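Going by UniProt numbering, the sequence shown opens with residue 1, and the numbers climb by one from there.
In short, the hints are calculated from the structure, not lab data.
Be careful, since some hints might not be right.
As the list claims (entries may be wrong) - Cross-link-like lysine-lysine pairs, in silico, PhoX-like; alpha carbons within 20 Å at most: (1) 315 - 297; (2) 321 - 297; (3) 84 - 100; (4) 219 - 262.
It should be emphasised that the depicted structure is a prediction, and the values quoted were computed from it without experimental measurement.
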Amino acid sequence: MFDVITYIEHLPNELWFEYFEYLDGYDILMSFRNLNRRINDIINNTQLHINLSILSKSMFDRLLNRFIPYISKTQIILLKLSNKNNCEQISLFNSIINIKKFINLQTLILHDIKFYELDEWLYSLLELKSLKSLTIVVKTRKCFNQKDKNIGEKLNHILFNNYFTELKYLQLDGFEIDHENVLHDVMNECNLEYLILDKCQFNYLLLILNHLPKIKYLKIKSLTGRLFRSPHVTKNFVSCLIHLQLDDCTSIWFSQLEYLFKYIPYLKYLTFTSFNSHFINGAEWERLLRQYFPNLKNFSLHIQATDNKPFDIEKLSCPFKSSYFIDEKQWYFTFGTGQYIIFHLLSIYSIPYQDKTYKLDNNLLKSLKTNEPFLTNVHDDYSKVEDLYIRNHDIFEFIYCRFPNVLSLTIANSTFRSQTIVQDLSKLVKLSQIKHLDIFDQIDWCTASKLISSLPKLESLTITFKDLAIILSYTQLYLHLAQIRKVVIDRFPFKAGPLVNTFCRVFYKLIQLELDINSFEDFEQIIPVILRRLRNLQYLTISLRKHKQCFRTVYHFQKWLRYNTTLNNFRVDIDQKGLYIWTG
Numbered sequence: 001m002f003d004v005i006t007y008i009e010h011l012p013n014e015l016w017f018e019y020f021e022y023l024d025g026y027d028i029l030m031s032f033r034n035l036n037r038r039i040n041d042i043i044n045n046t047q048l049h050i051n052l053s054i055l056s057k058s059m060f061d062r063l064l065n066r067f068i069p070y071i072s073k074t075q076i077i078l079l080k081l082s083n084k085n086n087c088e089q090i091s092l093f094n095s096i097i098n099i100k101k102f103i104n105l106q107t108l109i110l111h112d113i114k115f116y117e118l119d120e121w122l123y124s125l126l127e128l129k130s131l132k133s134l135t136i137v138v139k140t141r142k143c144f145n146q147k148d149k150n151i152g153e154k155l156n157h158i159l160f161n162n163y164f165t166e167l168k169y170l171q172l173d174g175f176e177i178d179h180e181n182v183l184h185d186v187m188n189e190c191n192l193e194y195l196i197l198d199k200c201q202f203n204y205l206l207l208i209l210n211h212l213p214k215i216k217y218l219k220i221k222s223l224t225g226r227l228f229r230s231p232h233v234t235k236n237f238v239s240c241l242i243h244l245q246l247d248d249c250t251s252i253w254f255s256q257l258e259y260l261f262k263y264i265p266y267l268k269y270l271t272f273t274s275f276n277s278h279f280i281n282g283a284e285w286e287r288l289l290r291q292y293f294p295n296l297k298n299f300s301l302h303i304q305a306t307d308n309k310p311f312d313i314e315k316l317s318c319p320f321k322s323s324y325f326i327d328e329k330q331w332y333f334t335f336g337t338g339q340y341i342i343f344h345l346l347s348i349y350s351i352p353y354q355d356k357t358y359k360l361d362n363n364l365l366k367s368l369k370t371n372e373p374f375l376t377n378v379h380d381d382y383s384k385v386e387d388l389y390i391r392n393h394d395i396f397e398f399i400y401c402r403f404p405n406v407l408s409l410t411i412a413n414s415t416f417r418s419q420t421i422v423q424d425l426s427k428l429v430k431l432s433q434i435k436h437l438d439i440f441d442q443i444d445w446c447t448a449s450k451l452i453s454s455l456p457k458l459e460s461l462t463i464t465f466k467d468l469a470i471i472l473s474y475t476q477l478y479l480h481l482a483q484i485r486k487v488v489i490d491r492f493p494f495k496a497g498p499l500v501n502t503f504c505r506v507f508y509k510l511i512q513l514e515l516d517i518n519s520f521e522d523f524e525q526i527i528p529v530i531l532r533r534l535r536n537l538q539y540l541t542i543s544l545r546k547h548k549q550c551f552r553t554v555y556h557f558q559k560w561l562r563y564n565t566t567l568n569n570f571r572v573d574i575d576q577k578g579l580y581i582w583t584g
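With the sequences and hints as input, model every part of the structure.
What follows is the structure, given as structure tokens:
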């Protein structure tokens, strides 16, 4: 019997369409386009998801110059652009491709966009009538000028005046929207169902609820401002809102929450975070939740407070153990106290724990010594934690919980003991799935070597220059270090010398590098070597002291790189934080 050889080109069209649903548009175009006419026809009838935020400079150029101009813009339904690690990618894309032609675009993500770039995009967005999801993350800066604020006002006019009749999801990060009077004049009812805002004044929150009759999910990352009962604030019930998340509610009070709660009676999920001890009041929470949210299914609370006097934990925790919380709703809370310098600390959070980051800090050691009797299924209580911070090795003696889904691990003290480090960590996390390691403080080489060699999937490493010198002196680690694709050298400046060549030899597969350099003399010796030796490098971030004196403009930085390195295809950027190179 003869074996039948089947070529991939012979697969039926239905399988091709299904297969392409799992691939990014870049992979489809680069891997399959121009194989033959039939495959091209299938690609031309496929809806494409284009994520440009993960490409090297040469890959980005190839896609924009060789493929996107020759495909139908109506095929693209998702587009993601980012300036993070990709210097001025958004403006470069806008200078080559006319976004107005993407008439079927449903999802647009602009990450780390600058204000002047946002201004260029605003009115082009009006042509995207099919847009259903929009995410705009503005590159943060220390201060905003009047021009930036005017751009924010334009954005309000466009987004909240129902220009996008199909828009259901909106996320705005990086600036505060507080133009209440402007919004009152222009704002119509819009069809948003999911809204995420970075910073928001309390008055503005009340105002926009008046104009979002279909809103289902609302998240505010920082809610500020006092209550001011103007005629513009909400007076109507918001009947569709079922999920509300309020983070960093430090400068508001219970009275404001009660005013808000009156108009959202159908809420089912409430998440609240604050650094204000005013909200450690179980009796008041019970009163509000009983009165306004009879159908509430989940209440997640996380409060961290400081005071110059000790907290009475028994008195404060007792109202949170009432029959309403424990028996009727089965909502449980964990308290912890500690001390930092002269300040007393108090932490309260709901179980199951809802945040992605958790700190095992000896400042709150008492919270780990008391295993509350209601914590029956401890393995699931911290299943949402992805980033775990461990301050002190002694804290392992008090651990009663496990973090099954942690991907990022921070070790932040030199007291860790090499003899038991792997064994102790294995009780907390699955070392086989850790992808990022942050060594925050100097540890001995034996501890570092045992830890790194126990992480088979390690892709990213944040480390001080002193600790880097330690691990590079241990040659048996080189095979483990070679798998790492991103390195951040933090807190101590990278110095010129023989270590630079060793670093490049060990981390030869590196794609992304961030480092701190103390002087321009070190900069001139280090950067040419790194750019010459690390052939796979795509993103380089340099924190150089007084870099604005060395390179006053992007042009001066580009000129220096052309004269002193072998780079040909690259883009650069400069801001108050440092220097950026996008290459590869």
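Hint check:
1. 315 - 297: violated (26 Å)
2. 321 - 297: holds (17 Å)
3. 84 - 100: violated (24 Å)
4. 219 - 262: With Cα atoms ~18 Å apart, residue 219 and residue 262 stay inside 20 Å; holds.
Violated hints, listed in ascending order, are 1 and 3; each of the other numbered hints is respected by the structure.
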